[in-house]
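J.: All chains should be built: construct the whole structure from the sequences, respecting the hints.
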Amino acid sequence: MINKKVLNVKSALEGIEDNMTIMLGGFGLCGIPEKSIDELVKLKVKGLTCISNNAGVDDFGLGLLLKDHQIKKMISSYVGENNEFERQMLSGELEVDLLPQGTIAELCRASQAGFPAIYTPAGFGTEVAKGKESREFNGKMYILEYAFKADFSIVKAWKGDEAGNLIFKGTARNFNPNMCGAATITVAEVEELYPVGVLDPNEIHIPGIFIQRIFKGNDYEKRIEQRTITQR
Amino acid sequence: MLDKNGIAKRIAKEVKEGYYVNLGIGIPTLVANYVNKNLSVEFQSENGVLGMGPFPYDEDVDADIINAGKQTITTLPGASFFDSAMSFSMIRGKHVDLTILGAMEVSENGDIANWKIPGKMVKGMGGAMDLVASAENIIVAMMHTNKKGESKLLKSCSLPLTGVGCVKKIVTNLAVLEVTKYGFKLLERAPGVSVQKIKDSTEGNLIIDSEIQEMKIS
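Protein chains in written order, with the numbering used here: chain A, 65 to 296; chain B, 25 to 242.
Derived from the structure by calculation, the hints contain no laboratory data.
Check before you lean on any hint, since a few could be wrong.
What the hints assert, rightly or not - The list that follows gives simulated cross-link-like pairs (lysine to any residue, SDA-like), each with its CA atoms no further than 20 Å apart:
no. : chain 1 : residue 1 : chain 2 : residue 2
1   : A       : Lys286    : B       : Gly93
2   : B       : Lys144    : A       : Glu191
3   : B       : Lys118    : A       : Lys69
4   : A       : Lys204    : B       : Gly189
5   : A       : Lys204    : B       : Asp88
6   : A       : Lys286    : B       : Ala87
7   : B       : Lys147    : A       : Lys69
8   : A       : Lys137    : B       : Lys147
9   : B       : Lys147    : A       : Glu145
10  : A       : Lys233    : B       : Gly102
11  : A       : Lys233    : B       : Gly50
12  : B       : Lys193    : B       : Gly50
13  : B       : Lys144    : A       : Glu148
14  : B       : Lys147    : A       : Lys106
15  : A       : Lys233    : B       : Ser104
16  : A       : Lys280    : B       : Leu178
17  : A       : Lys286    : B       : Val85
18  : A       : Lys137    : B       : Met145
19  : A       : Lys233    : B       : Gly117
20  : B       : Lys147    : A       : Ser155
21  : A       : Lys194    : B       : Pro142
22  : A       : Lys69     : A       : Lys286
23  : B       : Lys205    : A       : Gly203
24  : A       : Lys194    : B       : Ile141
25  : A       : Lys223    : B       : Phe106
26  : B       : Lys192    : A       : Gly203
27  : A       : Lys204    : B       : Gly117
28  : B       : Lys144    : A       : Glu150
29  : A       : Lys194    : B       : Pro184
30  : A       : Lys131    : A       : Glu191
Keep in mind it's a predicted model, so treat the numbers as computed, not measured.
T.: Spelled out as structure tokens, the structure:
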């Protein structure tokens with residue numbers, strides 16, 4: 065067993081510097097690495113390029129880094145409900161690369177899997193395709209998108225073990241598995257961290273080989289954006 | 025004239041036995057409420073769930089189980105969770121049978137715009153560009169005109185596009201229309217809406233080649 069366990073978020077994020085490119089898992093506020101984001105705020109690292117489907121909300125998730133102007137560039141698919149993100153983008157303070165959600169997912173996977181680029185039909189004929197190579201396959205047009213190059217990938221899982229094996233829960237899975245091993249260093253924060261031998265190998269979603277550092281986070285807030293319920 | 029629920033009810037009739045369906049945010053989400061309960065249908069949400077169920081009871085709310093609209097949801101027996109790359113494999117790989125989404129504008133050749141108003145509003149495309157680029161069966165659910173009363177069914181879209189030549193059918197508060205080579209073919213009119221009203225509200229080429237029946241929704 066190769067032990068990936070680190071004691072805390074501080075050791076997990078060692079080596080993060082200004083102007084780095086960081087991938088962060090999560091969809092909306094679901095499955096985001098809350099503890100690592102809090103630590104990035106404390107570290108006051110600046111000039112970051114963040115690859116993340118969304119950028120949190122004004123006062124939670126990546127929104128916290130935006131508020132402090134720690135992010136130079138966002139690569140996302142959806143600005144949605146984050147007013148500060150939209151404001152910084154429209155004013156030009158923040159550089160934003162909007163890419164289709166499926167393209168972001170597949171570019172993460174490509175980086176993880178050793179592919180330099182992919183062809184996707186998403187965005188052909190739109191401004192997303194501007195300046196990009198396009199090519200016809202079987203009568204349909206596709207655009208060439210290059211895999212990401214990131215320094216750190218930070219993911220959140222439900223359960224993990226000291227070997228770095230991960231299990232995700234519900235739709236908190238989202239981009240997290242695709243970002244594992246897609247950067248030079250992958251950090252996983254988990255709600256439950258076990259010694260090796262506890263988790264059933266049949267149930268592992270992401271093998272530990274993709275993870276360099278794993279730590280247990282405490283007291284997850286897991287904020288809900290839209291609490292929708294059925295009345296009894 | 026239909027309200028949002030009326031549009032959703034009419035679209036629900038397009039959902040057939042054995043379909044895997046992706047519902048966009050807004051009116052499309054309402055469609056799930058009106059699909060015939062006797063049909064075997066599964067709803068996919070692109071953030072990573074197949075077999076989506078209704079909203080949870082208050083005590084069952086789980087922050088880790090949401091739909092693409094970030095709403096808390098439940099799952100039905102047979103459901104599954106998966107990562108984003110696999111989710112878009114379902115979409116890009118044409119395994120999803122029907123996609124229903126909203127739009128700001130649709131053009132007579134089936135272009136759709138729904139993610140950006142330059143200088144004013146940028147929501148982002150989310151999964152919409154992937155959906156419209158690959159889905160073979162795309163229905164747009166929207167109001168026929170915008171808040172200023174201007175047609176949203178145009179000769180060509182004025183807003184940045186989400187996809188080109190992809191929309192097959194449109195259901196609005198006024199009508200059901202099919203996108204054909206020659207423009208918007210009027211199929212049905214909403215209860216109490218005249219053909220003239222639809223003509224007046226449609227900027228793109230409108231094709232009327234038969235008696236137009238009032239749509240049946242129940």
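J.: So, for every hint listed, does it hold in this structure?
T.: Hints and how they fare:
For the hint linking Lys286 of chain A to Gly93 of chain B, the alpha-carbon distance of about 16 Å falls within 20 Å, and the restraint holds. Between Lys144 of chain B and Glu191 of chain A the alpha-carbon distance is near 17 Å, which keeps this suggested pair within the 20 Å criterion. With a C-alpha separation of about 41 Å, the suggested pair Lys118 of chain B and Lys69 of chain A falls outside the 20 Å cut-off, and the hint is violated. Pair hint Lys204 of chain A plus Gly189 of chain B holds up; C-alpha atoms about 12 Å apart against a cutoff of 20 Å.
The hinted pair formed by Lys204 of chain A and Asp88 of chain B fails the criterion: a straight-line CA distance of about 37 Å is larger than 20 Å. Distance hint between Lys286 of chain A and Ala87 of chain B is fulfilled; the C-alpha atoms sit about 6 Å from each other, no more than 20 Å. For the hint pairing Lys147 of chain B with Lys69 of chain A, the CA-to-CA distance comes to about 39 Å; that exceeds 20 Å, so the pair is violated. Among the hinted pairs, Lys137 of chain A with Lys147 of chain B is consistent with the structure: their alpha-carbon atoms are about 17 Å apart, no more than 20 Å.
For a cut-off of 20 Å, the pair hint linking Lys147 of chain B to Glu145 of chain A stands: about 8 Å separates their Cα positions. A threshold of 20 Å between alpha carbons decides the hint, and for Lys233 of chain A with Gly102 of chain B the separation of about 16 Å falls inside it, so the pair holds. Our distance criterion of 20 Å between C-alpha atoms is broken by Lys233 of chain A and Gly50 of chain B, whose separation comes to about 26 Å. For the proposed pair Lys193 of chain B and Gly50 of chain B, the alpha carbon gap of about 17 Å is at most 20 Å, so the pair holds.
The suggested pairing of Lys144 of chain B with Glu148 of chain A holds, with an alpha-carbon distance near 14 Å, which does not exceed 20 Å. For a cut-off of 20 Å, the pair hint linking Lys147 of chain B to Lys106 of chain A is broken: about 29 Å separates their Cα positions. Our distance criterion of 20 Å between C-alpha atoms is met by Lys233 of chain A and Ser104 of chain B, whose separation comes to about 11 Å. For the hint linking Lys280 of chain A to Leu178 of chain B, the alpha-carbon distance of about 54 Å lies beyond 20 Å, and the restraint is violated.
Between Lys286 of chain A and Val85 of chain B the alpha-carbon distance is near 12 Å, which keeps this suggested pair within the 20 Å criterion. Between the alpha carbons of Lys137 of chain A and Met145 of chain B the distance comes to roughly 19 Å, so the proposed pair stays at or under 20 Å and holds. Pair hint Lys233 of chain A plus Gly117 of chain B does not hold up; C-alpha atoms about 25 Å apart against a cutoff of 20 Å. A hinted pair counts as satisfied when its Cα atoms are at most 20 Å apart, and Lys147 of chain B with Ser155 of chain A qualifies at roughly 15 Å.
A threshold of 20 Å between alpha carbons decides the hint, and for Lys194 of chain A with Pro142 of chain B the separation of about 16 Å falls inside it, so the pair holds. For a cut-off of 20 Å, the pair hint linking Lys69 of chain A to Lys286 of chain A is broken: about 23 Å separates their Cα positions. With a C-alpha separation of about 18 Å, the suggested pair Lys205 of chain B and Gly203 of chain A falls inside the 20 Å cut-off, and the hint holds. Proposed proximity of Lys194 of chain A and Ile141 of chain B is supported: the alpha carbons are some 18 Å apart, at most 20 Å.
The hinted pair formed by Lys223 of chain A and Phe106 of chain B meets the criterion: a straight-line CA distance of about 16 Å does not exceed 20 Å. For the given pair, Lys192 of chain B sits about 19 Å from Gly203 of chain A by alpha-carbon distance, which is consistent with the 20 Å threshold. About 13 Å separates the Cα atoms of Lys204 of chain A and Gly117 of chain B, which keeps this hinted pair within 20 Å; it holds. With a C-alpha separation of about 9 Å, the suggested pair Lys144 of chain B and Glu150 of chain A falls inside the 20 Å cut-off, and the hint holds.
As the CA atoms of Lys194 of chain A and Pro184 of chain B are separated by approximately 12 Å, the hinted pair is consistent with the 20 Å bound. Between Lys131 of chain A and Glu191 of chain A the CA atoms are separated by roughly 28 Å; this puts the pair beyond 20 Å, and the hint is violated.
Hint compliance for this structure: hints 3, 5, 7, 11, 14, 16, 19, 22 and 30 are not met, and every other hint is.
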